[in-house]
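> The lines below spell out each chain.
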Amino acid sequence: MKFALAGNPNSGKTTLFNALTGSTAHVGNWPGVTIDKKSGIYRKSAEKAEIIDLPGIYSLSPYSPEEIVSRNFLLGESPDCIINIVDATNLERNLYLTTQLMELDIPIVVALNMIDVVEKNKDTIDADGLSKILGVPVATISALKGTGIKELMDKGIEAVKRGRQAETVLKKSGAAVLISKIAALYGENKTKHPLFHAVKLIEDDEIEKENFPEIAIKAAALKAGTDTGIFEGDFEGYIADARYKYISAELPAAFKKAPKQGSLTKSDKIDKVLTHKVWGIPIFLVIMLAVFHITFSENFLFLGLFIPEGTFDHAIFGTDAINSPGVIIFNLMDWATVSLGEVIASLFPDPTWYASLINDGLLGGLFAVLSFVPQILVLFLFLSILEDSGYMARVAFIMDRAFRRFGLSGKAFMPLVMCFGCGVPGIMATRTLENEQERKRTIFLAPFFSCGAKLPIWAAFAGVFAHYRGLNAEFTVFSMYILGIAVAVISSFILKRTIIKGETPPFIMELPTYHLPQVKNTVIHLWEKLKHYVIRAGTIIAGAVVVIWFLTSFSFNIGAGLVEDSGDSILGVISNGLKWIFYPLGFGMGENGWKFVVATITGLLAKEVVVATMGIFAGMDGDEALETEGSELGDTPLGLMIISIGGVLGGLDIAVPAMFAFMAFNLLSVPCMAAVAAAKAEFKNNKWLWKAIAFWIITAYAVACVIFWLGVLYTLAWWVGLLATVGLAVLVVYGVRFAGALIDKKNGKTDKINIKELFLFKKIK
Amino acid sequence: MDKKLNDFIPEEKGRVKSITAEGKIRRRLFDMGVTPGAEIVMRKTAPLGDPIEVTVRGYELSLRKSEAETVLMEVVK
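Going down the list, the protein sequences come from chains A and B.
Reading the first sequence from the start, the letters are residues 1 to 765 in my numbering.
Reading the second sequence from the start, the letters are residues 1 to 77 in my numbering.
Mixed in with the good hints, there may be bad ones.
Not close to chain B: a few residues of chain A, all C-beta gaps over 12 Å, as computed [what the hints assert, rightly or not]: (1) 154; (2) 230; (3) 281; (4) 316; (5) 399; (6) 688.
Just so you have them, the derived chain B footprint on chain A, three or more residues with Cβ under 8 Å [to be verified]: (7) 58-69; (8) 92-104; (9) 236-242; (10) 506-520.
Since the hints were derived computationally from the structure, they do not count as laboratory data.
Note that the structure is predicted; figures quoted are calculated from it, not measured.
The C-beta atom is built at its ideal place from N, Cα and C for all residues, glycine as well.
Please take these sequences and the hints and turn them into a complete structure.
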């Protein structure tokens with residue numbers, strides 16, 4: 001038996017899916033978490049039932065891709081039953097979809113979710129009464145607490161056995177006769193679900209008109225004589241209005257709202273503070289900064305200010321300051337992996353190739369990646385709490401105005417925030433955007449949002465930089481996130497005016513009620529992340545690490561055995577040949593510069609590999625792993641590599657800006673293979689994929705260059721840097737304009753490129 | 001008194017008279033429950049002055065001023 005799970009976004013659909021199937025799909029408190037349909041098995045009935053979770057939808061209109069996915073599934077695959085999940089705290093709007101689903105010849109069972117919240121609010125719902133009104137079985141459930149699930153499925157299975165004829169709530173409306181006449185036309189045509197098709201055709205639905213052109217012509221003649229009152233021939237509005245009229249007329253018989261106690265609910269009160277006119281934006285920034293502080297700071301709550309120097313020095317808890325919880329568990333994990341590494345290294349004391357493979361390659365690389373797992377989990381714990389509580393939807397509300405100016409809507413903000421976790425689901429989530437141009441633009445921006453795999457890079461460098469001029473670790477990490485957002489905003493602005501033109505799409509969005517994050521959801525979310533990360537470490541990253549170890553341990557003459565100096569290795573020779581490309585960004589220079597080039601190249605595979613590569617090099621230089629201990633920058637292997645970048649030219653004052661350029665390049669350039677594949681699937685067009693790849697590389701190179709030169713301004717002849725920066729900015733602006741003009745010419749929009757117009761930013765007549 | 005939704009001040013209440021938006025935005029507003037006769041309470045404006053938040057059919061809806069401008073309201077005291 002096949003059950004389709006359909007309902008409004010944020011109605012608890014994914015939670016119910018998890019409760020039914022025991023699966024652990026990702027749940028969040030914001031509209032649009034489920035993008036594609038996914039399926040699982042319900043095993044507690046005599047006959048196993050397949051449950052298909054459809055994307056959350058408000059309607060079956062032809063305008064959004066999710067609604068089309070759901071509609072095609074329901075019509076094409078004809079499931080045996082629809083479980084229509086309805087948020088009982090928001091009946092009026094939720095039942096609107098129900099009235100549309102009822103028009104299909106498919107058995108339905110309505111699952112009244114969050115019934116516990118309704119009871120807590122002292123509202124009353126008469127489920128049997130509602131069932132009589134709608135003419136379909138209704139079960140009350142709490143997906144979260146897992147109550148009523150069995151009864152729901154029993155009712156569903158019963159409904160399948162009974163079978164069902166489509167019914168419409170529009171039968172009492174003025175369109176009733178029209179509907180039955182057009183449905184009869186479909187009946188003659190032997191089309192399945194005639195009632196559904198008839199209503200769609202009356203709504204002037206484009207998809208419907210295209211699929212049934214002949215019936216559409218006959219229907220148009222029938223419709224001509226129908227009076228739509230104030231809608232003056234707008235049948236789409238007329239039908240939508242009739243549905244809502246039906247709901248508001250019938251619902252009071254089954255639903256009684258408790259008399260209001262005070263004018264504001266708890267959710268309203270929280271909202272008043274968090275979206276406050278003056279404090280809303282500062283609060284958002286403080287929340288984000290606090291999250292990073294708790295995860296990365298080596299001076300928790302700035303307690304170090306009150307502790308005299310030399311009081312204590314503890315490897316795990318901090319030096320003259322208390323480490324934040326995130327850093328403490330990072331140190332514990334680091335201590336564990338280093339100790340384990342030492343034990344294993346002592347088993348292979350001889351310098352053989354396999355000892356090198358295990359110690360330098362696998363352990364050096366993998367441990368470098370795994371050490372950061374605890375910090376990633378802490379960060380995602382917070383992001384998950386913010387999302388689950390409903391705050392992220394408010395962030396979209398607060399930020400929409402700022403983002404709109406740059407051609408994005410608050411809606412695009414959601415997939416982009418997902419990219420902070422991982423670019424792959426983020427890019428896939430762009431399907432929730434109705435506007436094709438905005439979708440493309442959003443995919444172009446996706447890699448700029450620092451994902452979980454890039455986090456170890458920032459964390460590793462932040463740890464090292466903490467020893468340089470007291471750069472706070474959390475600020476280093478935070479700055480990369482801010483940089484990514486800033487670049488995204490600016491490039492969106494440029495993209496909108498050049499290669500991906502188009503209007504900013506609407507922002508009509510539900511703001512879900514705040515609720516306390518559910519421990520179960522948060523745990524599921526973190527568990528998923530952990531599983532994902534460890535599986536990646538064990539497969540892609542371990543494989544990549546072995547390959548990189550091989551390429552950095554052997555020369556082109558493989559028979560000659562391990563190389564003495566990794567600069568002579570295969571990757572060493574290649575990178576040494578390519579490193580000049582990165583001279584303008586600062587990080588190709590010095591005796592170790594090529595190592596950063598290697599890390600950049602290998603990072604294209606998966607961003608975790610950047611740190612793994614640094615770990616391999618650190619291991620080869622005679623140290624166990626990426627240590628961040630010690631009071632001087634030079635105490636750490638990574639620090640030594642960094643120092644050598646500056647070399648004779650200017651030491652750290654060059655090296656540190658170069659490293660920021662390195663981080664920026666890795667942040668902004670082509671994302672990992674998985675994200676590129678996801679982008680390819682979404683573009684459905686290789687031409688756009690190549691455009692995107694070129695765009696990422698150019699942006700990364702330009703921004704990294706600017707960062708390096710701005711950083712160097714303070715120490716070198718500052719005007720060199722200034723000239724370089726200004727020159728580059730001009731080059732980028734005109735480059736983009738020129739590219740835009742070229743594309744216009746190719747598409748036949750202009751006959752020839754007027755160079756003068758291009759340079760003067762003016763139309764010349 | 002008639003007034004467009006974008007001109008409402010917080011806590012002001014009204015009933016939808018008609019919607020002048022077209023195409024996708026019009027359908028979206030209808031689907032979200034902003035239909036003639038629906039009661040709407042203006043809640044607040046976002047910190048940067050746009051979008052706005054309203055209560056309609058018992059839930060919170062956010063929409064831009066440019067979209068709210070297409071919703072013609074009758075003020076309810």
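> Work down the list of hints and note, for each, if the structure agrees.
Outcome of the hint check:
Against chain B, the non-interface label of residue 154(A) holds: every CB pair exceeds 12 Å, the least being about 30 Å. Under the 12 Å C-beta cut-off, the non-interface status given to residue 230(A) relative to chain B is violated; the minimum distance is some 6 Å. Once the 12 Å rule is applied to beta carbons, residue 281(A) is inconsistent with being away from chain B; the minimum gap is 5 Å. With a least CB separation of 41 Å from chain B, residue 316(A) remains clear of the 12 Å interface cut-off, as annotated.
With a minimum CB-CB distance of about 8 Å to chain B, residue 399(A) fails to clear the 12 Å threshold, and the non-interface call is violated. At roughly 23 Å, the least C-beta separation between residue 688(A) and chain B is larger than 12 Å, which holds for a residue marked as non-interface. With 4 residues carrying a beta carbon less than 8 Å from a beta carbon of chain B, the segment 58-69 of chain A meets the three-residue requirement, and the given coverage holds. Coverage of the segment 92-104 of chain A by chain B holds. Counting CB-CB distances below 8 Å, 3 residues qualify, and the rule asks for three or more.
With a threshold of 8 Å between beta carbons, the proposed coverage of the segment 236-242 of chain A by chain B holds, since 4 of its residues qualify and at least three are required. Counting residues of the segment 506-520 of chain A whose C-beta lies closer than 8 Å to any C-beta of chain B gives 8; at least three are required, and the coverage claim holds.
In this structure, the earlier hints numbered 2, 3, 5 are contradicted, and the remaining ones agree with it.
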